[in-house]
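*Asks:* Each chain, written out:
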Amino acid sequence: KNEVEQSPQNLTAQEGEFITINCSYSVGISALHWLQQHPGGGIVSLFMLSSGKKKHGRLIATINIQEKHSSLHITASHPRDSAVYICAVKETSGSRLTFGEGTQLTVNP
Amino acid sequence: DAGVIQSPRHEVTEMGQEVTLRCKPISGHNSLFWYRQTMMRGLELLIYFNNNVPIDDSGMPEDRFSAKMPNASFSTLKIQPSEPRDSAVYFCASSLDMDTYGYTFGSGTRLTVV
Chain A
36 KNEVEQSPQN LTAQEGEFIT INCSYSVGIS ALHWLQQHPG GGIVSLFMLS
86 SGKKKHGRLI ATINIQEKHS SLHITASHPR DSAVYICAVK ETSGSRLTFG
136 EGTQLTVNP
Chain B
231 DAGVIQSPRH EVTEMGQEVT LRCKPISGHN SLFWYRQTMM RGLELLIYFN
281 NNVPIDDSGM PEDRFSAKMP NASFSTLKIQ PSEPRDSAVY FCASSLDMDT
331 YGYTFGSGTR LTVV
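Each protein sequence line maps, in turn, to chains A and B. Note that this note's numbering has the first sequence beginning at 36, numbered continuously upward. Note that this note's numbering has the second sequence beginning at 231, numbered continuously upward.
All the given hints hold, so there is nothing to weed out.
Quick list of in silico lysine to aspartate or glutamate cross-link-like pairs, DMTMM-like style, CA-CA up to 25 Å:
1. Lys103/A - Asp327/B
2. Lys89/A - Asp327/B
3. Lys298/B - Glu244/B
4. Lys103/A - Glu274/B
5. Lys298/B - Glu241/B
6. Lys254/B - Glu274/B
7. Lys88/A - Asp327/B
8. Lys90/A - Asp327/B
According to the in silico footprint, chain B covers these stretches of chain A (three or more CB under 8 Å from chain B):
9. 66 to 79
10. 120 to 133
If you're looking for bench data, these hints aren't it; they were derived computationally from the structure. Beta carbons are placed, not taken as given, at the ideal position from N, Cα and C, and that holds for glycine.
Work out the full structure: start from the sequences and follow the hints.
*Replies:* Written as structure tokens, this is what we have:
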């Protein structure tokens, strides 16, 4: 069992739909990151969370520390949101990030 | 700031050759990370430096891999000799304070060993 599990692995949506990507982890963490990787490979850090909720534009990230679960929401999705979304956790002990396998999102016009 | 700068963007080399990947972190960032991304294994941490000192190199696959950070503005990841299974995208990331500011990733180096 991976320490960080994402669901779904693949997600196809129509433009305008509300999208949720989930991340569950099994270790104690000091922070959880949501990353975006576009075709062509560059990785962009979207959010870093240690509690509660953060919002940036159409993106919302939430975390429930007790349940060891985080969600990334995209409102009014757009084809340019098509990318791989990766959840990563920084364990309480140590400095390394442990990554989920990513969710491939495709938003069709 | 231009962000984390990696070079080269693409590298194709023959098996057995030495490969050197380079990274310039964001000025003022005191932590630097080398990651490798493959289809099979996803993103993996190879090595992490704090204030130019290697802190965690447990992800370095074997002795063929070595990393250095001679100063705060430059790091190298060297593979000698290279093998086809080293083909991957290698990312460098830097951070000012991992728990407060998160990480900034470079654009990656796509390495192909033939």
